[in-house]
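**Q** What follows is the residue order along each chain.
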Amino acid sequence: MSAELLTRLAHGPLGLSWQALVMLAVAGLLIYLAVARDYEPLLLLPIGAGCMLANLPHSPMLAEDGMLRVLYDSGVANELFPLLIFIGIGALTDFGPLLENPRVVLLGAAGQFGIFATLLLALALGFTPNEAASIGIIGAIDGPTSIYVSGILAPQLLGPITVAAYSYMALVPVIMPPIILALTSARERRIRMPYSQRPISRRIRVLFPIATTVIVGTLVPFAIPLVGTLMLGNLMRESGVVERLTKTSASELANVVTLFLGLAVGSTMVGEQFLRLSTLAILVLGILAFGIDTAAGLLFGKLLSLLSRGTINPIIGAAGISAFPMAARVVQRVAHEADFENFLLFHAMGANAAGQIASVVAGGVLLALMGAG
Amino acid sequence: MSAELLTRLAHGPLGLSWQALVMLAVAGLLIYLAVARDYEPLLLLPIGAGCMLANLPHSPMLAEDGMLRVLYDSGVANELFPLLIFIGIGALTDFGPLLENPRVVLLGAAGQFGIFATLLLALALGFTPNEAASIGIIGAIDGPTSIYVSGILAPQLLGPITVAAYSYMALVPVIMPPIILALTSARERRIRMPYSQRPISRRIRVLFPIATTVIVGTLVPFAIPLVGTLMLGNLMRESGVVERLTKTSASELANVVTLFLGLAVGSTMVGEQFLRLSTLAILVLGILAFGIDTAAGLLFGKLLSLLSRGTINPIIGAAGISAFPMAARVVQRVAHEADFENFLLFHAMGANAAGQIASVVAGGVLLALMGAG
Amino acid sequence: MSAELLTRLAHGPLGLSWQALVMLAVAGLLIYLAVARDYEPLLLLPIGAGCMLANLPHSPMLAEDGMLRVLYDSGVANELFPLLIFIGIGALTDFGPLLENPRVVLLGAAGQFGIFATLLLALALGFTPNEAASIGIIGAIDGPTSIYVSGILAPQLLGPITVAAYSYMALVPVIMPPIILALTSARERRIRMPYSQRPISRRIRVLFPIATTVIVGTLVPFAIPLVGTLMLGNLMRESGVVERLTKTSASELANVVTLFLGLAVGSTMVGEQFLRLSTLAILVLGILAFGIDTAAGLLFGKLLSLLSRGTINPIIGAAGISAFPMAARVVQRVAHEADFENFLLFHAMGANAAGQIASVVAGGVLLALMGAG
Amino acid sequence: MDNLIAGLQVTALGMGLVFGLLAALWGLLALAGRLEPPPTPPAAPRVPPALRVTGGGADELTPETLAAITAAVLIHIASRRRQAAPEMRSSWPGSLLFASRWVAAGRTRQTRPYRRERG
Amino acid sequence: MDNLIAGLQVTALGMGLVFGLLAALWGLLALAGRLEPPPTPPAAPRVPPALRVTGGGADELTPETLAAITAAVLIHIASRRRQAAPEMRSSWPGSLLFASRWVAAGRTRQTRPYRRERG
Amino acid sequence: MDNLIAGLQVTALGMGLVFGLLAALWGLLALAGRLEPPPTPPAAPRVPPALRVTGGGADELTPETLAAITAAVLIHIASRRRQAAPEMRSSWPGSLLFASRWVAAGRTRQTRPYRRERG
Ligand code: NA
Ligand code: NA
Ligand code: NA
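If you're matching them up, the sequences are chains X, A, V, E, L and R in order.
First residue of the first sequence: 303, per this note's numbering; consecutive thereafter.
First residue of the second sequence: 303, per this note's numbering; consecutive thereafter.
First residue of the third sequence: 303, per this note's numbering; consecutive thereafter.
First residue of the fourth sequence: 27, per this note's numbering; consecutive thereafter.
First residue of the fifth sequence: 27, per this note's numbering; consecutive thereafter.
First residue of the sixth sequence: 27, per this note's numbering; consecutive thereafter.
Keep in mind that the hints were calculated from the coordinates and are not lab data.
We put the beta carbon where it would ideally sit given N, CA and C, even for glycine.
There could be a bad hint or two in this list.
Listed next, with one range per pair, are the computed distances between beta-carbon atoms [unchecked claim]:
#: 1; chain 1: V; residue 1: L308; chain 2: A; residue 2: L605; range: 23 to 29 Å
#: 2; chain 1: X; residue 1: P501; chain 2: A; residue 2: A379; range: 43 to 49 Å
#: 3; chain 1: A; residue 1: S503; chain 2: R; residue 2: E90; range: 36 to 42 Å
#: 4; chain 1: L; residue 1: A38; chain 2: A; residue 2: A379; range: 56 to 62 Å
#: 5; chain 1: X; residue 1: R578; chain 2: A; residue 2: D367; range: 24 to 30 Å
#: 6; chain 1: X; residue 1: D340; chain 2: L; residue 2: N29; range: 38 to 44 Å
#: 7; chain 1: V; residue 1: P501; chain 2: X; residue 2: P501; range: 32 to 38 Å
#: 8; chain 1: L; residue 1: G42; chain 2: X; residue 2: R578; range: 47 to 53 Å
#: 9; chain 1: A; residue 1: A312; chain 2: X; residue 2: Y497; range: 39 to 45 Å
#: 10; chain 1: A; residue 1: D340; chain 2: V; residue 2: L308; range: 44 to 50 Å
#: 11; chain 1: A; residue 1: L318; chain 2: L; residue 2: N29; range: 29 to 35 Å
Working from the sequences, and respecting the hints, build out all of it.
**A** This is how it looks when you write it as structure tokens:
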């Protein structure tokens, strides 16, 4: 029996480094979180699987023409996949609550403060400006935005940033309530807001995504892809004339792209690159970004509440962080616990939708300020 | 605050040229036509959105790796998307009415005269031969054929040609009736045609797409892609053994490709290239092509009516222009108005299906005669 | 009328070689088998259509940027399509019968003997080692595995090998029963196997695909793509938390990829390359591989039956060849004919699922031993 | 001028070819119609011959009931067949494959063009 | 240090821009709300005026029956319209386009976050 | 000849590896079966303890009615849960996720291979 054949067979097990073993454990953890804990399974399960397939010894899936490499090149390297997902998100998002309550729009802006605060912290820790901006964008609390921005500014950090972004989004119901309770009094949480049903005409609903794209796109060209695709999906939805496209964008296309995106992002998480102190720092900074966002939203909510003489419940500010639509639901639950009859969902949804737009705008602003391209 | 940062921020608004403003207005017009007027929204809405995203200042979506560029390169530059749409159209088209009434087949040939007449007009106006042929192909009154042929012969005119083709197809119910009324007498329009129900066996239905592909493909190799994909979809449909593929080709795949195709075509409509006299000429020539097609179909219908001693209603000739299946329905409505009991739909559908095949054949013939490739 | 134009027109018919005519007939035969005989129509119909479109004279679909070439390059040359199909197969496969009856697992291994026996025969006939291994892989009786392995080792034989693999899989109900009847006695076929309903916990179901990927992938890295994608699909299915992805992988994505894969494989079947003695040899060797697989599985089943003192019915060994799930159903029918009350389906499904895994493992082993990459 | 002459040639040849090819198609279709055997009258329904209920008195099944049962059984068999072996089946649940062509194409509805209702 | 100063500039400019852009959006929305005509009361149902059944005795249709018939006819027309011409129609069977927004978005259900039941 | 010897080596090694890997899988599955706790009897249905209807006379609910109501309520809760928050839910309407495995795989139907009916 030829020695060459035996060498070929021993090739596999011998290629198993300790880094690979750690990464396989990380992959197992991600899959566990997705399957047993329901943490954003639509993305964490594919990411975990991609991480596993990429860290098996000598994986042909990372070689030239390997499946994971092909998927990465065809949709992550050129940022196509997050934009396609944005079309689907736009097609599923109802901006009605925002259109009916335009005054909550600024809450969305406040909820992005964590991005910049984290950027400063990351700079202080010694990250380069581009890396710091990529870490900060976890504070957008919006998966595709994080992938898009960090993919352009610091592709080498794409894996940990994406994992942090999606894991923390899954933790919204855990992270937000204590912060809200700490920063607001029970009296504030009990403030009721009237539900002024102002019917929004179809014309306004259709013009809104177009106007947003043109205004934001003109002032911040770097935001065009993010705002443009989100608003394209919403335009298709609200127009009502292309339901076939809307439906496909929001389901089949979104599903395929989500699977491919998860696998490709997972495949960036290979040994030497992932197992660094920087990854740990990213995970810690990410959760800080989350907390700062929530707090900033709340404090701005308190300011608005003061200015409006108590007709605005400050806790809807916490929904301004984006994480659409979970944040709004968490806010409603907290309000519900303070006062069983308090129904804030609609207003929180408005702030939440504003946060979604603000996140995307902040992503573009960040790219512009870092001089990306 | 550094001057550099401020320069970066002013970059966007300063990049807004007057051409871009005009093109944004054009994009708005296309979206208006799609949303408020229901003009072929499945294509005009994405084209309008693509045009808008491409004309915002310094749009990153047109840059290398920009989404619109990626979509254009992956499906328009290589003509993949129109061919995939043809598979879906074939999967939705029932050639039964044509198989049951083979004698209407020549009406489809007559309905292509507008292609060549427009080609001559465009040559007279000073367009190059390839450009003239691309403009003529609007007279095929068939979207994917227009995109396929003009994409090969004159990609620089792809935008206006596609917009013209789809806008005029949406105008079928407006453009055709007056021409029909002008060229036929009420007596002619009242001619009834018996409905001879000849059951078509499954064997014939399956052999038809195969035979058409082989015959047309052998004689006009340039028509292979167009005829081949249309007939592939129909073969899948009529075989009945691959319904999963048929269904996916006609819905999910067609939807995704339609969206991508529209966006990519829209992205070709950028300022300097679009805002030329030639675009205006294309729009005028396109509507002429439409009218000439209808008239030629009608006159040939009159000839057949004479030859058949009045057993053929000449107005079904107007359905020979393709624009499947709207043209047939318009013909039926005109017949209905002349004689409430006149039911021509089935025969018009036959002529319409013949026109669909003839359009595709004409596209291939044109490519062959222009020596494309 | 210019001579040049006429030359262009005669170009097509003059380009029709005798090889092209033969290949058109082969295409017709494949379509006939798919449509009239229901032989794996989901793949044979697209393969036949692709073969037809590729063999028409001067087909532009094979030119640079031609649709068939684009499809081949984007999913067959890099082996993406068979792997995506494996995700769908994994998402549809229930390994429950195997998990409940682990002892049938070795039957799957025995059912792969045909691969190696055929490899030896092909070597004896003078094929190169890589070609011989590609022909042997028909004995995996699993379409995507055959395409994946032969695409890497001998892309020039991809067409005939794929056609052989799928045609013979369609012939399972014809080929297997006589072999089973010849090698087993009626007494053996009447052996009943108790159905021990052991509920399998969700944890085991979820851990199974992960453990299989890690173990097989570590020992045989070349098997990572095949095992990894099959088990990824199964993980998504059994986790139950990503049903959207599971459903899309198993239906829309699988449908699109099946169509594209069939067309691209068919396009490799062009004249000079296909019409060789080697193609005939492949077809003969393929059916031999099939028979040897079945016989090996049966004989190993007899061995197990002996070792277990007659508590295992040997004919479930025939289901170990893979060809999931048809082989198991054929075994059940044979058992049924020997004893109307004999219900072996569940055990046969277990052997069949083991065969599916073993096929994939054998494919990776073969690639490793041939030193592919 | 040269261009226009070339254009006229293209027009003549092009229309000729289109007409020629469609005429060939016509010939082919006419030939197929000729070769196709005349439509046979629909075969008698395949009632299982054993299914003969004879008995006396009020309990006997009327022919109508019998026909209804037969139809139900045939439909049941067809639908079981359609549900067999999901991994391998080529049509998906909700298939229009078994619907009448008329229904499947929505032909009865095609007279009036689709118009979205304006709000 | 330079990095931190640049970072502070980015923070100030960035938050300023985000607030500025969203404020512009707010202005736009407020303006749109101002320009939009006040909601008109819903138009009376379009009962075909010819549909007046007058007769005597027990055969006369009650207003309720009449309303029910009218509603049924209108729904029937709408559903025929939706089924017209499958090749061209932009919405697919099972469309949520005609469902109320409230139902379509499942809003009544959004208070409780989704939790998969643990086995 | 060299090729054939190499081929025999490949055969021996290949079959050995395939058997070895599947045997490893077998061991793993057997181990998993050993470690898995024995199946516990299905837990008693979670009847809300407060749901005790006691009263006298003909109005009292029978245990069967009570069980039916409980089942209906549980199913209603489960289906509301499934409908919650469409943006985020991982299963789509019409999901087979909650169907019994037996039904979902169509296993009862898998004995007869799929055959399309010939016209
Ligand atoms: Na945010
Ligand atoms: Na036409
Ligand atoms: Na096998």
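**Q** Check the following: the C-beta atoms of R578 of chain X and D367 of chain A are separated by a distance inside 24 to 30 Å.
**A** holds, 27 Å
**Q** Between A312 of chain A and Y497 of chain X, is the Cβ distance one that fits in 39 to 45 Å?
**A** At 42 Å between Cβs, range holds.
**Q** Taking the beta carbons of G42 of chain L and R578 of chain X, is their distance inside 47 to 53 Å?
**A** Given a distance of about 34 Å, which is not inside 47 to 53 Å, the answer is violated.
**Q** Could one say that the CB atoms of P501 of chain V and P501 of chain X fall in the range 32 to 38 Å?
**A** With Cβ atoms ~54 Å apart, the hint is violated.
**Q** Could you see if the CB distance from L308 of chain V to L605 of chain A stays within 23 to 29 Å?
**A** Once the Cβ atoms are compared, 28 Å apart, the range 23 to 29 Å for L605 of chain A and L308 of chain V holds.
**Q** Please check whether D340 of chain X and N29 of chain L have a Cβ separation lying inside 38 to 44 Å.
**A** At roughly 40 Å between Cβ atoms, N29 of chain L and D340 of chain X fall inside 38 to 44 Å, so the hint holds.
**Q** Falls inside 44 to 50 Å, the C-beta gap from D340 of chain A to L308 of chain V?
**A** The hint (44 to 50 Å, Cβ to Cβ) holds, given that D340 of chain A and L308 of chain V are roughly 47 Å apart.
**Q** Verify the CB-CB distance for A38 of chain L and A379 of chain A against the hinted window 56 to 62 Å.
**A** Violated, since A38 of chain L and A379 of chain A (Cβ atoms, about 44 Å apart) do not stay within the stated range.
**Q** Would you say the C-beta atoms of L318 of chain A and N29 of chain L sit inside 29 to 35 Å of each other?
**A** holds, 33 Å
**Q** Could you say whether the range 43 to 49 Å given as a hint is met by the Cβ separation of P501 of chain X and A379 of chain A?
**A** 46 Å Cβ-Cβ, so the 43 to 49 Å window holds.
**Q** Do the Cβ positions of S503 of chain A and E90 of chain R conform to the proposed distance bound of 36 to 42 Å?
**A** violated, 58 Å
Checked against the numbered hints listed earlier, the structure breaks hints 3, 4, 7 and 8; every other hint is satisfied.
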